[in-house]
Amino acid sequence: MFLIHWPGSDAFEDSWKALEELYAVGKIKAIGVSNFQIQHLEKLFTFAKVIPAINQIELHPKLSQLELRKYSESKDIKIQAWSPLMQGKLLSNPIIESIATHHNKSTAQIILRWDVQQDILLNVKSTHIERMHNNADIFDFELTDNEMNQLNELNEDLRVGPDPDSFDFE
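When we follow the UniProt record's numbering, the leftmost residue of the sequence shown carries the number 1, and every step to the right adds one.
Hints listed in this document are in silico derivations from the structure and should not be mistaken for laboratory results. Some clues are possibly wrong.
Straight line, CA to CA, 30 Å or less: simulated DSS-like cross-link-like pairs of lysine-lysine [said to hold, decoys possible]:
id, residue 1, residue 2
1, Lys-105, Lys-62
2, Lys-78, Lys-43
3, Lys-62, Lys-43
4, Lys-17, Lys-78
5, Lys-89, Lys-70
6, Lys-89, Lys-62
Label-pair restraints from in silico Cβ distances [stated by the list, open to error]:
id, residue 1, residue 2, range
7, His-102, Lys-27, 45 to 51 Å
8, Lys-78, Thr-127, 23 to 29 Å
9, Val-160, Phe-47, 30 to 36 Å
If you're wondering where the values come from, they're calculated on a predicted model, not measured in any experiment. Ideal Cβ positions, reconstructed from N, Cα and C, are used throughout, including at glycine.
Just need the whole structure built from these sequences, with the hints factored in.
Put into structure tokens, the structure is as follows:
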């Protein structure tokens with residue numbers, strides 16, 4: 001999987017076409033994008049021959065990006081969440097703590113389960129073996145509709161990373 005990491009100032013056409021060539025000859029198995037918003041995807045579709053397999057975006061309960069997720073689903077693009085724990089800022093949220101206590105799980109496990117139940121792929125980083133094991137231990141329980149709604153209601157469109165619409169590499 002090769003990704004164009006940021007849309008930048010919409011200067012990604014040459015990079016995408018190069019990825020398509022590598023994909024066409026079998027040098028890479030899948031291509032995708034990261035941090036692309038709807039307008040970036042629409043521009044990509046004006047020249048792309050291959051639909052991105054994935055769009056890796058900042059996504060967590062405080063930034064649910066529902067409109068982008070619905071749009072991506074309509075184009076058969078999988079969403080992968082980066083910073084799903086909001087760089088740890090969500091781990092002491094009282095609503096998430098309450099749900100975690102109910103399930104005898106950690107707050108991180110509740111958040112990751114919230115993603116999985118919405119068919120969101122995960123990109124979770126840890127250098128601690130115990131956390132890696134805990135992050136993977138999310139398949140022996142399910143959040144209720146009410147719990148999912150509580151987590152969905154946390155959305156504030158709040159980013160911890162750069163905004164793809166204004167982030168400039170120069």
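**OP:** Mind listing which of the numbered hints don't hold for this structure, in increasing order?
**Re:** none
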